[in-house]
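Which chain is which? The protein sequence lines are P and B, in order.
0 is the number of the first residue of the first sequence in numbering that gives the first Met the number 0; add one for each residue after it.
0 is the number of the first residue of the second sequence in numbering that gives the first Met the number 0; add one for each residue after it.
No lab work stands behind these hints: they were computed from the structure.
Fair warning: there could be bad hints in the mix.
Here are the in silico distance ranges between beta carbons for each label pair [to be verified]:
| # | chain 1 | residue 1 | chain 2 | residue 2 | range |
| --- | --- | --- | --- | --- | --- |
| 1 | B | R298 | P | A106 | 34 to 40 Å |
| 2 | B | R300 | P | P30 | 39 to 45 Å |
| 3 | B | D398 | P | P30 | 54 to 60 Å |
Over 12 Å on every C-beta distance to chain B, these chain P residues come out as not near it, computed from the model [claimed, not checked]:
| # | residue |
| --- | --- |
| 4 | L34 |
| 5 | G65 |
| 6 | S175 |
| 7 | K232 |
The structure presented is a predicted model; accordingly, all values stated were derived computationally and were not measured.
Even glycine gets a Cβ: it sits at the ideal position worked out from N, Cα and C.
If you want the building blocks of each chain, they are given just below.
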Amino acid sequence: MLSYALRRILYAIPLVLGVATILFFVLNLAPGDPLALYMGPGVSPEAMERIRQNLGLDQSLPVRYGRWLLAFLQGDFGYSLTRNQPVRDLILGALPPTLLLTGGAVALAFLMGIALGVVQAVRQYSALDSLLSALALFFYSMPSFWLAIMLILIFSVNARNLWGWPVHFPPSGMTSAGHDLMGFWGQLKDRAAHLVLPTLSLTLVLAGGIARYVRTSMLEVIRQDYVRTARAKGLPEHRVILTHALRNALIPVITLFGIYFPFLLSGAVFIEHVFSWPGMGKLLVDAILQRDYPVVLAGSFLFAVMVVVGNLLADLLYGWVDPRIRYGRHPGGPRPTARSGTA
Amino acid sequence: MVSGRTVPTLFAVLILLTGCGGESGERPQGISAVDFCQPALARVDSFMGTFPKPEVDPERYGGTAVVGTVGELAVGMNGFQALEAGAIQHQMFVNLMTLIQYDEDLQPVPYLAESWEVSDDLTELTFHLRDDVHWHDGVLTTAHDVAFTYRRAVDPATGFPNPGFFQHYLPGEEAVEVVDSFTVRFRFQEAHSDYMDPWRTVAIMPRHLLGGVRPENLARHPFGTVCPVGNGPFRFASHSSGESWTFVANPAFPQELGGRPFLDRYVYRIIPEHTTLLAELLTEHIDVYVATLPHHADRIREEDHLRVISFPYRSVFFAGWNTRVPKLADARVRKALTLATNRRQILEGIRGGRGELANAGVPPVHWAYDSTLVDSLPYDPPRARRLLTEAGWVDRDSDGIRESEEGEPLSIELIFNQNQERREVAEIMQAQLGEVGVNLRPRVVEMTSLAERITSPERNFEGVLIAWETEFRLDERDLFHSDAADGRYAFAGTRDPVLDRLLDTLQLIPDREEARRRWKEYQERIIQIQPYTFLYFPHRQDGVNRRLRNVVMDVRGEWANLREWWIAPDHRKGP
Numbered sequence: 000m001l002s003y004a005l006r007r008i009l010y011a012i013p014l015v016l017g018v019a020t021i022l023f024f025v026l027n028l029a030p031g032d033p034l035a036l037y038m039g040p041g042v043s044p045e046a047m048e049r050i051r052q053n054l055g056l057d058q059s060l061p062v063r064y065g066r067w068l069l070a071f072l073q074g075d076f077g078y079s080l081t082r083n084q085p086v087r088d089l090i091l092g093a094l095p096p097t098l099l100l101t102g103g104a105v106a107l108a109f110l111m112g113i114a115l116g117v118v119q120a121v122r123q124y125s126a127l128d129s130l131l132s133a134l135a136l137f138f139y140s141m142p143s144f145w146l147a148i149m150l151i152l153i154f155s156v157n158a159r160n161l162w163g164w165p166v167h168f169p170p171s172g173m174t175s176a177g178h179d180l181m182g183f184w185g186q187l188k189d190r191a192a193h194l195v196l197p198t199l200s201l202t203l204v205l206a207g208g209i210a211r212y213v214r215t216s217m218l219e220v221i222r223q224d225y226v227r228t229a230r231a232k233g234l235p236e237h238r239v240i241l242t243h244a245l246r247n248a249l250i251p252v253i254t255l256f257g258i259y260f261p262f263l264l265s266g267a268v269f270i271e272h273v274f275s276w277p278g279m280g281k282l283l284v285d286a287i288l289q290r291d292y293p294v295v296l297a298g299s300f301l302f303a304v305m306v307v308v309g310n311l312l313a314d315l316l317y318g319w320v321d322p323r324i325r326y327g328r329h330p331g332g333p334r335p336t337a338r339s340g341t342a
Numbered sequence: 000m001v002s003g004r005t006v007p008t009l010f011a012v013l014i015l016l017t018g019c020g021g022e023s024g025e026r027p028q029g030i031s032a033v034d035f036c037q038p039a040l041a042r043v044d045s046f047m048g049t050f051p052k053p054e055v056d057p058e059r060y061g062g063t064a065v066v067g068t069v070g071e072l073a074v075g076m077n078g079f080q081a082l083e084a085g086a087i088q089h090q091m092f093v094n095l096m097t098l099i100q101y102d103e104d105l106q107p108v109p110y111l112a113e114s115w116e117v118s119d120d121l122t123e124l125t126f127h128l129r130d131d132v133h134w135h136d137g138v139l140t141t142a143h144d145v146a147f148t149y150r151r152a153v154d155p156a157t158g159f160p161n162p163g164f165f166q167h168y169l170p171g172e173e174a175v176e177v178v179d180s181f182t183v184r185f186r187f188q189e190a191h192s193d194y195m196d197p198w199r200t201v202a203i204m205p206r207h208l209l210g211g212v213r214p215e216n217l218a219r220h221p222f223g224t225v226c227p228v229g230n231g232p233f234r235f236a237s238h239s240s241g242e243s244w245t246f247v248a249n250p251a252f253p254q255e256l257g258g259r260p261f262l263d264r265y266v267y268r269i270i271p272e273h274t275t276l277l278a279e280l281l282t283e284h285i286d287v288y289v290a291t292l293p294h295h296a297d298r299i300r301e302e303d304h305l306r307v308i309s310f311p312y313r314s315v316f317f318a319g320w321n322t323r324v325p326k327l328a329d330a331r332v333r334k335a336l337t338l339a340t341n342r343r344q345i346l347e348g349i350r351g352g353r354g355e356l357a358n359a360g361v362p363p364v365h366w367a368y369d370s371t372l373v374d375s376l377p378y379d380p381p382r383a384r385r386l387l388t389e390a391g392w393v394d395r396d397s398d399g400i401r402e403s404e405e406g407e408p409l410s411i412e413l414i415f416n417q418n419q420e421r422r423e424v425a426e427i428m429q430a431q432l433g434e435v436g437v438n439l440r441p442r443v444v445e446m447t448s449l450a451e452r453i454t455s456p457e458r459n460f461e462g463v464l465i466a467w468e469t470e471f472r473l474d475e476r477d478l479f480h481s482d483a484a485d486g487r488y489a490f491a492g493t494r495d496p497v498l499d500r501l502l503d504t505l506q507l508i509p510d511r512e513e514a515r516r517r518w519k520e521y522q523e524r525i526i527q528i529q530p531y532t533f534l535y536f537p538h539r540q541d542g543v544n545r546r547l548r549n550v551v552m553d554v555r556g557e558w559a560n561l562r563e564w565w566i567a568p569d570h571r572k573g574p
């Protein structure tokens with residue numbers, strides 16, 4: 000498995016560099032100017048040209064590409080054109096908040112989604128199944144930014160101002176204004192309170208989709224012969240479902256994990272925007288809107304890496320969930336292959 | 000194996016660690032944030048630590064005010080990069096100091112300079128500085144800092160955004176003289192009508208910290224966003240990029256200028272979504288919602304604990320026409336577009352009348368504004384139709400749209416960036432211009448693309464709906480002078496000798512009455528040639544929590560009297 004993983008990583012290097020190169024040219028050839036937002040009678044055109052020179056934007060595209068690639072290979076992601084800070088600092092600052100938010104939300108979403116999907120499959124066509132299906136579809140099809148605004152309206156604004164609930168949550172941000180003056184427990188409580196609404200927004204949308212997958216997958220599995228055999232052996236129902244059926248039903252869900260994994264770093268763009276969460280999603284969107292090429296490139300590069308890592312992890316997890324899967328060579332690169340035969 | 004207890008513990012650690020974003024890093028030019036900032040901020044802490052907790056009126060002193068806006072102070076406290084209004088205001092009123100300030104009547108009052116003289120021929124300006132203003136690290140602010148700021152600002156390598164401020168100064172070293180540690184003299188080639196104004200907005204920068212930095216490296220120096228060391232009423236405490244800035248009261252601020260500010264701390268929060276900003280204000284997590292959207296202002300007025308401060312500002316909203324496009328080259332057509340637009344109705348409908356109609360770029364708060372011109376181009380569709388017919392645009396095929404003799408329809412694309420107000424204005428204009436046979440086609444374009452389309456040499460646009468934020472010191476040469484017609488901002492492409500002559504002389508008339516007459520001529524000429532359909536000067540609206548006392552917001556900006564804001568003890572929050 001180790002050599003398989005190493006081979007996959009080696010294959011990924013040119014892929015990721017290719018992605019970064021394409022991104023560089025696409026971004027730089029797209030219309031738009033990072034200094035456009037400063038345009039106005041308050042900034043003279045000559046000064047604008049000088050600022051452009053100071054930022055290196057007056058150089059030809061191949062020269063800029065060469066310089067960028069050279070620095071990039073040395074781990075220097077460059078300097079933000081609009082935030083006046085090194086890109087590395089910006090990314091290092093944005094990663095932990097995103098990991099905290101998306102990590103928590105993805106974990107919760109998988110737990111909730113798997114639990115609900117199993118319950119639905121076991122109680123297929125019951126009133127509970129219909130109710131959970133309706134709820135899952137409701138949240139799955141809901142635009143995340145709208146859900147976020149509704150949660151703010153209900154659990155923050157109305158809960159506090161209209162209904163006077165004893166518990167209400169801050170509408171946005173990661174900490175309160177006086178956070179640095181609080182004690183350890185105060186800080187922990189403050190951060191946790193700020194996490195509730197964005198995590199809930201993300202979790203509800205993700206869990207709805209995961210529950211649908213798990214339900215379908217479980218329904219296929221519990222009709223298999225080996226499940227019937229397990230029941231015939233007299234195993235208790237919870238062992239049949241959780242040990243025999245669920246593990247097999249999880250294979251398609253792992254594919255879903257591979258898809259969601261990059262999202263851990265890319266962040267939830269709309270959620271971070273609405274909740275003013277200072278993570279990668281917000282950083283990237285601001286950078287795209289302002290044509291802050293170095294930030295967009297570095298962020299997209301990380302995203303590409305996460306796609307590769309997510310796929311690799313998903314492939315490795317297949318083997319863990321399904322021991323029939325072996326890792327071998329494939330003409331188009333290494334792929335996990337399922338050994339023929341039945342369990 | 001990860002135990003059941005480890006996961007929550009790791010999560011708790013992550014929760015606490017998320018505040019510790021990387022603020023290290025080598026600068027591309029070799030200026031290390033760590034090398035510069037750590038000792039600089041340590042000196043600030045050390046100096047500030049020498050001030051005992053002051054015995055002050057507990058009723059007024061204390062508490063934290065939080066201001067929320069959609070935008071980051073991107074250039075931070077770097078006065079050499081005074082590119083955006085929010086950052087400039089923080090440089091002027093919060094962390095740094097200017098030589099003078101304007102009072103509520105926009106008259107110069109002492110600030111870092113306690114007095115000044117100007118020679119009779121208005122070619123020498125001498126400032127006498129206060130001798131008790133310290134940089135936050137304890138070093139005295141002197142005339143050398145002022146001379147340093149001037150020298151860097153006029154050095155093209157710095158990329159200072161407003162070199163035009165000093166265009167009438169003598170070249171090179173002749174322009175500035177440090178007479179003594181607290182006296183600095185500037186010399187001009189010729190008198191200027193607004194010779195004091197630049198020193199209201201140019202923040203003085205610390206020579207002892209930045210004197211050794213090459214001009215071209217100043218823009219990226221960590222001073223701006225990582226560790227500013229100012230001399231203003233609030234000192235820098237922290238900055239988390241895209242999230243917030245925190246400033247704390249400067250106990251060393253001179254007593255004669257009000258001394259230590261009333262607030263203990265002032266926090267600037269960046270909240271990109273307007274709806275969230277509204278929620279934050281309603282739930283009292285922020286005290287000020289800067290540049291409140293008109294419909295949010297109505298909601299805020301419903302709350303007893305909040306109020307809306309509405310004040311005239313310096314922005315002007317207009318539809319700019321590309322006169323290089325043949326169908327827009329005739330001034331009669333452009334005038335017809337303005338006459339057929341019911342601007343008063345638009346102002347009423349979109350902003351509840353909060354603003355003033357515009358006919359040129361001189362805002363009502365400016366001394367050169369002439370109120371007699373306000374009704375120069377009233378809504379008059381019959382006159383608009385006559386002008387269009389005179390210009391050869393007639394509806395020849397009875398489809399409701401006018402055509403030229405060659406059969407080209409009078410169809411104009413109006414581009415604007417995604418913004419609810421602009422979309423509504425564009426749609427209203429489309430309907431109103433349709434009444435006189437003009438097919439206006441509104442189109443949303445992403446902001447940076449829009450800027451490129453109107454400023455690039457190709458000028459790939461016909462009309463653009465946009466707003467400028469003007470300075471107190473108006474100079475529209477870059478917009479309308481023939482010499483600048485190929486420049487970035489001259490997107491209207493005006494070439495008019497009368498306008499050129501006026502633009503060449505307006506800045507150089509020291510006598511205000513004479514200057515007002517010439518400015519009136521200038522505005523009349525603009526009305527005549529109509530490079531833009533000027534719409535209105537919108538009032539700025541800010542939602543404010545009533546717990547904040549003594550908040551003055553006016554044309555100078557939101558933060559003009561931040562150091563005098565206060566919160567009564569029973570309304571203070573937090574630890």
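Structure-based check of all given hints:
1. A beta carbon spacing of about 37 Å between R298/B and A106/P agrees with the range 34 to 40 Å that was offered as a hint.
2. At roughly 41 Å, the beta-carbon separation of R300/B and P30/P lies within the given 39 to 45 Å, and the hint holds.
3. About 33 Å separates the C-beta atoms of D398/B and P30/P, a value inconsistent with the hinted range of 54 to 60 Å.
4. Distance check for L34/P against chain B: the nearest CB is about 8 Å away, which does not clear 12 Å, and the non-interface claim fails.
5. For G65/P, the non-interface assignment is confirmed: its Cβ lies about 15 Å from the closest Cβ of chain B, beyond the 12 Å cut-off.
6. The beta carbon of S175/P is not kept farther than 12 Å from every beta carbon of chain B, the shortest such distance being approximately 7 Å.
7. The beta carbon of K232/P sits about 29 Å from the closest Cβ of chain B, which is more than 12 Å, so the claim that it is off the interface holds.
Checked against the numbered hints given earlier, this structure breaks hints 3, 4, 6; the rest are met.
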